[in-house]
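**Student:** Please build the complete structure, drawing on both the sequences and the hints.
Numbered according to the working numbering, the sequence shown spans residues 1 to 530.
Just to be clear, a hint being listed does not mean it is correct.
Computed Cβ-Cβ distance ranges for the label pairs, DEER-style [to be verified]:
#	residue 1	residue 2	range
1	207	18	43 to 53 angstroms
2	258	486	25 to 35 angstroms
3	223	337	24 to 34 angstroms
4	491	138	24 to 34 angstroms
5	13	47	46 to 56 angstroms
6	191	493	45 to 55 angstroms
7	394	63	15 to 25 angstroms
8	407	13	28 to 38 angstroms
9	275	138	23 to 33 angstroms
10	60	194	18 to 28 angstroms
11	65	399	19 to 29 angstroms
12	485	337	43 to 53 angstroms
These aren't lab readings, by the way, just hints derived from the structure by calculation. For each residue, glycine too, the CB sits at the ideal point set by N, CA and C.
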Amino acid sequence: MIAAGGVVQALLIVLFPIRRWGAQRDALADALAAEADYARRLRHDPHAPFDPQPLMRARAAATVSARQARRRPAELHGARGLAERIRPVLASLADPAVGAPAEGPARDRVRELLAAAGSVLDAAARAIRHGEPVRPPAPALSVRRSPDTADLLTGAPLRAARRLAALLDDVRETVEPGSGRTAEPGESMLRPTLWRMAPLVLKTVRAELRPGSPILRHALRVTAVACAGLVIGLALPLGHAYWAPMASVMVMRPDFTQTYSRAVARFAGTLVGVAVATGIVQLAQPGMYLSGLLAVVSAGLMYVLMRTGYAVAQLFVSAYVVFLLGMGGVRWDQTVPDRVTLTLVGGLLAMAAYALYPAWETPRLRTRLADWLAADGRYAAAVLGQYADPAGARRADVREALLDTRDARIAWQDALTRAAGEPVRHRGLSRAAAEGAGDALAAMGRHAMLLEAHPPDRDGAPVPGAAEFAGALRDATEAGAKAVRERRVPQWDGVRALLTAWDTPASGVLRGAAEQLVDSLDEVSEALRP
Numbered sequence: 001m002i003a004a005g006g007v008v009q010a011l012l013i014v015l016f017p018i019r020r021w022g023a024q025r026d027a028l029a030d031a032l033a034a035e036a037d038y039a040r041r042l043r044h045d046p047h048a049p050f051d052p053q054p055l056m057r058a059r060a061a062a063t064v065s066a067r068q069a070r071r072r073p074a075e076l077h078g079a080r081g082l083a084e085r086i087r088p089v090l091a092s093l094a095d096p097a098v099g100a101p102a103e104g105p106a107r108d109r110v111r112e113l114l115a116a117a118g119s120v121l122d123a124a125a126r127a128i129r130h131g132e133p134v135r136p137p138a139p140a141l142s143v144r145r146s147p148d149t150a151d152l153l154t155g156a157p158l159r160a161a162r163r164l165a166a167l168l169d170d171v172r173e174t175v176e177p178g179s180g181r182t183a184e185p186g187e188s189m190l191r192p193t194l195w196r197m198a199p200l201v202l203k204t205v206r207a208e209l210r211p212g213s214p215i216l217r218h219a220l221r222v223t224a225v226a227c228a229g230l231v232i233g234l235a236l237p238l239g240h241a242y243w244a245p246m247a248s249v250m251v252m253r254p255d256f257t258q259t260y261s262r263a264v265a266r267f268a269g270t271l272v273g274v275a276v277a278t279g280i281v282q283l284a285q286p287g288m289y290l291s292g293l294l295a296v297v298s299a300g301l302m303y304v305l306m307r308t309g310y311a312v313a314q315l316f317v318s319a320y321v322v323f324l325l326g327m328g329g330v331r332w333d334q335t336v337p338d339r340v341t342l343t344l345v346g347g348l349l350a351m352a353a354y355a356l357y358p359a360w361e362t363p364r365l366r367t368r369l370a371d372w373l374a375a376d377g378r379y380a381a382a383v384l385g386q387y388a389d390p391a392g393a394r395r396a397d398v399r400e401a402l403l404d405t406r407d408a409r410i411a412w413q414d415a416l417t418r419a420a421g422e423p424v425r426h427r428g429l430s431r432a433a434a435e436g437a438g439d440a441l442a443a444m445g446r447h448a449m450l451l452e453a454h455p456p457d458r459d460g461a462p463v464p465g466a467a468e469f470a471g472a473l474r475d476a477t478e479a480g481a482k483a484v485r486e487r488r489v490p491q492w493d494g495v496r497a498l499l500t501a502w503d504t505p506a507s508g509v510l511r512g513a514a515e516q517l518v519d520s521l522d523e524v525s526e527a528l529r530p
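**Tutor:** Next comes the structure, spelled out in structure tokens:
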């Protein structure tokens with residue numbers, strides 16, 4: 001039966017082919033659509049937040065094998081990098097501190113440009129998703145090419161508007177089917193081969209073989225619970241003893257919050273599912289073929305409604321099991337009590353394992369916050385380094401620092417979400433302090449991004465004192481991260497004094513961004529102050 005099912009699936013794929021490069025197209029289209037939504041929100045809120053998750057998913061989808069890189073459609077190469085470069089330009093154009101004034105004709109033109117950018121990015125997203133030509137609305141093109149923009153905008157806002165127009169033109173050209181350039185394997189984000197992956201796997205395993213590793217603790221917890229569940233299932237006078245350890249393994253996650261919520265959802269879904277399926281069996285008395293049809297319908301509904309929640313999926317899985325066993329002539333009273341009881345046993349074992357061998361996220365909040373602070377400091381220092389040495393500046397360094405900042409921010413947000421449902425004390429970092437420090441670090445990253453939108457020309461002169469300030473900022477954030485881990489309030493007197501004494505002929509964008517960066521650091525300290 002398993003072999004026959006595999007053959008049927010293979011035939012269905014041949015008859016109804018899976019969309020080639022569908023995952024990559026959808027991920028890239030989602031990233032461009034997120035940029036379009038960001039541009040529209042900036043019209044009304046110049047400090048609107050941006051969720052980097054779509055860009056991170058697009059980056060992950062762009063990691064392909066060498067063979068795939070040679071066959072990747074040309075329009076899927078380059079648009080993601082352009083989307084990354086558009087985001088800081090949009091923020092810079094909308095922010096009153098470095099862009100147009102908050103009110104007046106210049107602000108109205110900025111709103112028109114942001115709306116036009118959203119329309120063009122939406123059209124590019126549709127073209128990428130469906131492999132069609134780009135068809136931006138005519139009004140959006142006319143706004144971007146309006147000749148009076150130079151009369152309304154001057155200085156940094158005008159440079160941002162021109163840079164935005166150039167980037168949008170590049171997006172239109174790149175996502176046009178067949179118009180982009182084929183990616184060279186050496187330039188692509190290639191997956192490592194199996195032999196090159198083996199040392200990385202061994203290195204990762206060795207790094208987690210330590211008593212404090214949450215991954216090792218979770219592995220030991222799952223192993224012990226699975227063994228105990230199987231022993232209890234075999235000892236009970238019930239059939240299908242494997243249901244208990246299977247329920248435990250399916251609900252257990254490395255953090256308490258997800259384990260608890262999934263355990264409750266699995267038991268509730270199982271209880272409702274077997275009750276509904278049993279009622280149908282009792283009323284309809286289905287035979288083998290009708291039971292098979294009901295099982296197929298239950299499986300189909302499970303896949304259709306899977307994203308609505310774990311409890312709903314378990315409801316239809318449980319109904320599927322009841323109908324499937326009914327096909328073999330097994331009565332409902334021979335399966336329902338077993339499944340409900342063993343599911344309850346598995347869920348209780350999972351919760352007991354967390355009570356006996358916990359791995360709380362709350363005590364690690366300070367570490368996550370410190371990692372984000374250090375990553376923000378490296379990113380800001382890398383951006384400032386472009387002003388210190390315009391000719392030798394490497395965009396790759398800024399890009400790498402930005403990715404580290406995103407990873408640290410996502411790790412902090414995930415940890416904060418998990419810690420919110422844990423039944424433990426805050427261990428020195430209250431919810432208010434965590435939210436305040438998180439908001440300050442998000443603002444710091446945004447200020448660095450605004451500065452990234454106005455890079456100096458390659459042939460420009462180095463800005464005096466920029467290298468010294470970048471180094472001081474990097475060292476100060478590293479020291480501040482250490483203070484956060486040690487439950488101390490970080491101090492920024494050195495970098496503040498250096499900023500006060502920094503007499504530079506640089507543009508107001510650089511000076512203003514530097515002051516905003518230091519202000520954000522002060523806000524971090526205020527949030528962590530007892």
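**Student:** None of the hints should be skipped; say for each whether it holds.
**Tutor:** Hint by hint, here is what the structure shows:
| no. | hint | in the structure |
| --- | --- | --- |
| 1 | 207 to 18: 43 to 53 angstroms | violated (36 angstroms) |
| 2 | 258 to 486: 25 to 35 angstroms | holds (30 angstroms) |
| 3 | 223 to 337: 24 to 34 angstroms | holds (28 angstroms) |
| 4 | 491 to 138: 24 to 34 angstroms | violated (56 angstroms) |
| 5 | 13 to 47: 46 to 56 angstroms | holds (47 angstroms) |
| 6 | 191 to 493: 45 to 55 angstroms | holds (47 angstroms) |
| 7 | 394 to 63: 15 to 25 angstroms | holds (22 angstroms) |
| 8 | 407 to 13: 28 to 38 angstroms | holds (35 angstroms) |
| 9 | 275 to 138: 23 to 33 angstroms | violated (58 angstroms) |
| 10 | 60 to 194: 18 to 28 angstroms | holds (19 angstroms) |
| 11 | 65 to 399: 19 to 29 angstroms | holds (23 angstroms) |
| 12 | 485 to 337: 43 to 53 angstroms | holds (52 angstroms) |
The structure is inconsistent with the numbered hints 1, 4, 9, although it conforms to all the rest.
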